[in-house]
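Sequences and hints are given; from them, build the entire structure.
Chains A and B, in that order, give the protein sequences. The opening position of the first sequence corresponds to residue 1 in this note's numbering, with each subsequent residue numbered one higher. The opening position of the second sequence corresponds to residue 1 in this note's numbering, with each subsequent residue numbered one higher.
Bear in mind the hints are in silico, worked out from the structure with no lab data behind them. Check each hint, because a few of them may be wrong.
[Claimed, not checked] Within a straight-line C-alpha distance of at most 25 Å, the following computed SDA-like cross-link-like pairs (lysine to any residue) qualify:
no. : chain 1 : residue 1 : chain 2 : residue 2
1   : A       : Lys50     : B       : Met47
2   : A       : Lys72     : B       : Asn44
3   : A       : Lys120    : A       : Gln188
4   : A       : Lys50     : B       : Asn44
[Said to hold, decoys possible] Across the chosen pairs, the derived CB separations fall in these ranges:
no. : chain 1 : residue 1 : chain 2 : residue 2 : range
5   : B       : Val232    : A       : Glu250    : 18 to 24 Å
6   : A       : Thr140    : B       : Gln132    : 34 to 40 Å
7   : A       : Glu250    : B       : Ser161    : 31 to 37 Å
8   : A       : Leu85     : B       : Gly107    : 35 to 41 Å
9   : B       : Lys250    : A       : Thr81     : 18 to 24 Å
10  : A       : Leu85     : B       : Gly133    : 43 to 49 Å
11  : A       : Thr160    : B       : Gly133    : 42 to 48 Å
12  : B       : Pro174    : A       : Leu106    : 29 to 35 Å
[Claimed, not checked] To list a few chain A residues with every Cβ distance to chain B over 10 Å, as calculated:
no. : residue
13  : Ser14
14  : Pro166
15  : Val226
All C-beta atoms, glycine included, are put in the ideal place defined by N, C-alpha and C.
Chain residues, written in single-letter form:
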Amino acid sequence: MMRALYTAASGMVSQQYNLDTIANNLANVNTTGFRMNQARFQDLLYQTLKAPGSPVGSSIVPVGSDVGLGSKVASSEKIFTQGSLQQTSNPLDIAIQGDGFFQITLPDGTTAYTRDGGFKEDATGAVVTADGYFLSPQITIPQNAIQVSVGTDGTVTALTPGATTPTTLGQITLVRFTNAAGLQPMGQNLFQQTGASGTPIISQPGLNGAGTLEGGYIEESNVSIVNEMVNMIVAQNAYQANSKTITTAENMLATAIQTKQ
Amino acid sequence: MVRGLYTAAAGALVAQSDVDTIANNLANVSTAGFKRTLMQVQSNDTMAIYRVQTDPGTTPGTTVPGKSVSDYVGQLGFGSHVYDTPADFEQGSMQQTGAPLDLAVSGPGFFTIATANGIRYTRDGNFSRNAQGQLVTQSGDLVLSTNGPITIPDGKVSFDSTTNTIAVTDPNNPTGEAVPVATLRLTEFGNLTGLRPEGSNLFVDGGTAAPVNATQSSVTQGYLETSNANVVTSMVGLITAQQWFDANTKMIQTQDTMNSEAITSVGQNS
Numbered sequence: 001m002m003r004a005l006y007t008a009a010s011g012m013v014s015q016q017y018n019l020d021t022i023a024n025n026l027a028n029v030n031t032t033g034f035r036m037n038q039a040r041f042q043d044l045l046y047q048t049l050k051a052p053g054s055p056v057g058s059s060i061v062p063v064g065s066d067v068g069l070g071s072k073v074a075s076s077e078k079i080f081t082q083g084s085l086q087q088t089s090n091p092l093d094i095a096i097q098g099d100g101f102f103q104i105t106l107p108d109g110t111t112a113y114t115r116d117g118g119f120k121e122d123a124t125g126a127v128v129t130a131d132g133y134f135l136s137p138q139i140t141i142p143q144n145a146i147q148v149s150v151g152t153d154g155t156v157t158a159l160t161p162g163a164t165t166p167t168t169l170g171q172i173t174l175v176r177f178t179n180a181a182g183l184q185p186m187g188q189n190l191f192q193q194t195g196a197s198g199t200p201i202i203s204q205p206g207l208n209g210a211g212t213l214e215g216g217y218i219e220e221s222n223v224s225i226v227n228e229m230v231n232m233i234v235a236q237n238a239y240q241a242n243s244k245t246i247t248t249a250e251n252m253l254a255t256a257i258q259t260k261q
Numbered sequence: 001m002v003r004g005l006y007t008a009a010a011g012a013l014v015a016q017s018d019v020d021t022i023a024n025n026l027a028n029v030s031t032a033g034f035k036r037t038l039m040q041v042q043s044n045d046t047m048a049i050y051r052v053q054t055d056p057g058t059t060p061g062t063t064v065p066g067k068s069v070s071d072y073v074g075q076l077g078f079g080s081h082v083y084d085t086p087a088d089f090e091q092g093s094m095q096q097t098g099a100p101l102d103l104a105v106s107g108p109g110f111f112t113i114a115t116a117n118g119i120r121y122t123r124d125g126n127f128s129r130n131a132q133g134q135l136v137t138q139s140g141d142l143v144l145s146t147n148g149p150i151t152i153p154d155g156k157v158s159f160d161s162t163t164n165t166i167a168v169t170d171p172n173n174p175t176g177e178a179v180p181v182a183t184l185r186l187t188e189f190g191n192l193t194g195l196r197p198e199g200s201n202l203f204v205d206g207g208t209a210a211p212v213n214a215t216q217s218s219v220t221q222g223y224l225e226t227s228n229a230n231v232v233t234s235m236v237g238l239i240t241a242q243q244w245f246d247a248n249t250k251m252i253q254t255q256d257t258m259n260s261e262a263i264t265s266v267g268q269n270s
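Spelled out as structure tokens, the structure:
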């Protein structure tokens, strides 16, 4: 009985984690460049009551019996499907259509990666994220630029007064990973490289499988509200089912205790 | 009377194991590729019961004092025990995820996985690439093809269900043909009861499962097989197990009361 109690408790903890993940997805439905999480589960070890092949009298037991001990959270997978593009009027809003991440230089010198292309100009004209971190390779827009545009291949051009053709300011490069799901989310829409993600593969947008850039658009989150609603219903039902197991085990334990008057 | 107590206790213990099994099934309702366990119960060995009485003698109506005979009455059972906990390998339903490395098997086959403890089998097709580009499970174990571990080069992954082959499109040539990389190694078993669950969504061949190369299974890309744990049958099983347990504990109580009666009333000095 005590075993069933702990098994059901592990099931409830798993469903709790499932619901926490779904809650985070729904909270970030409007976050630019957010990638949704999906909780994945595995069953726990099995306790052998009788091992198959063990001798019984003069014969060998052909099958054994074992009982499982519940479930555990195996991983919380980041799903990297494309979000839809939303048109804005800001020329520095860049959306990636396809694979790839922007490179961001953090204040401590390390590189972080993001899908959030909502860039701004700081006081000196450098292209920065909403938190003020520099885009890498760094691009600076001259103070007197009238119009800035970003090409699909990542070339940033600006039209200055008096010039007939736009001047090229720089080239935005994208980075891809062997296992993007292995990146560590840092918050602030940033990801960090880990041992599981592989080394970054830098390429120009449109080449080597990297996606193209769209200026004037931002990429929305890839959370599907319908899927999350269905997942919530499933998580709640599974949670209730496991709590019923606990109630049953508890009643049986109480009955066993009351046997002796 | 003590004999009856232990018989009833055996029944109650089996009901307890039933609840443990159902609890594990319900805890794994969301685990991809999980196969529910059933419980098989067998009755314990029986004992021959004899009636011992004073020898009735050869002439009816007379008895032979001081002599007794025993007559065979019949067999008395001694409860039950859990015989086996086989896994029910019924096909789970398919959940669409859209991820290119999520694979689901329809049919009796299993993915073949190389772990540190040997070859294992799984139905959980939630695979990803590790940092070296090899196809691995969520625990980091290598998925095997007909030629050993699978290394997937950079590019868009596609899957051919007719030949169970993984193919990759070169990212420098996105409109070109997909190049086949490896053929998945799927295993079917002649004797499924020899396949035991090990935990972490893996099954281990206990030696009697008779693995063969799969011929009746196909794999679909972008789907995951959900757990085949059925909440409705589990709920009914819980109700049944509880009734079973209550009936047996009531029996224990009755035996106990009869014992007390014998001790207090029959043995009373009056």
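Evaluation of the provided hints:
1. The suggested pairing of lysine 50 of chain A with methionine 47 of chain B holds, with an alpha-carbon distance near 24 Å, which does not exceed 25 Å.
2. Our distance criterion of 25 Å between C-alpha atoms is broken by lysine 72 of chain A and asparagine 44 of chain B, whose separation comes to about 36 Å.
3. For the given pair, lysine 120 of chain A sits about 15 Å from glutamine 188 of chain A by alpha-carbon distance, which is consistent with the 25 Å threshold.
4. Straight-line distance between C-alpha atoms of lysine 50 of chain A and asparagine 44 of chain B comes to about 16 Å, which keeps the hinted pair within the 25 Å bound.
5. Range check, valine 232 of chain B to glutamate 250 of chain A: about 22 Å between beta-carbon atoms, so the 18 to 24 Å window is met.
6. At about 38 Å, the CB distance of threonine 140 of chain A to glutamine 132 of chain B agrees with the hint of 34 to 40 Å.
7. Hint check: glutamate 250 of chain A to serine 161 of chain B, Cβ distance near 48 Å, so the stated range 31 to 37 Å is violated.
8. In this structure, leucine 85 of chain A and glycine 107 of chain B meet the distance hint of 35 to 41 Å, their C-beta atoms being roughly 40 Å apart.
9. A beta carbon spacing of about 57 Å between lysine 250 of chain B and threonine 81 of chain A contradicts the range 18 to 24 Å that was offered as a hint.
10. At roughly 30 Å, the beta-carbon separation of leucine 85 of chain A and glycine 133 of chain B lies outside the given 43 to 49 Å, and the hint is violated.
11. At about 45 Å, the beta-carbon gap between threonine 160 of chain A and glycine 133 of chain B stays in the expected band of 42 to 48 Å.
12. Checked against the hint of 29 to 35 Å, the pair proline 174 of chain B and leucine 106 of chain A passes, with Cβ atoms roughly 33 Å apart.
13. Serine 14 of chain A, annotated as away from the interface, has a beta carbon of chain B within 10 Å; the closest lies near 7 Å.
14. Distance check for proline 166 of chain A against chain B: the nearest CB is about 29 Å away, which clears 10 Å, and the non-interface claim stands.
15. Its beta-carbon lying about 12 Å from the closest one in chain B, valine 226 of chain A satisfies the requirement of being farther than 10 Å from that chain.
Hint compliance for this structure: hints 2, 7, 9, 10 and 13 are broken, all remaining hints hold.
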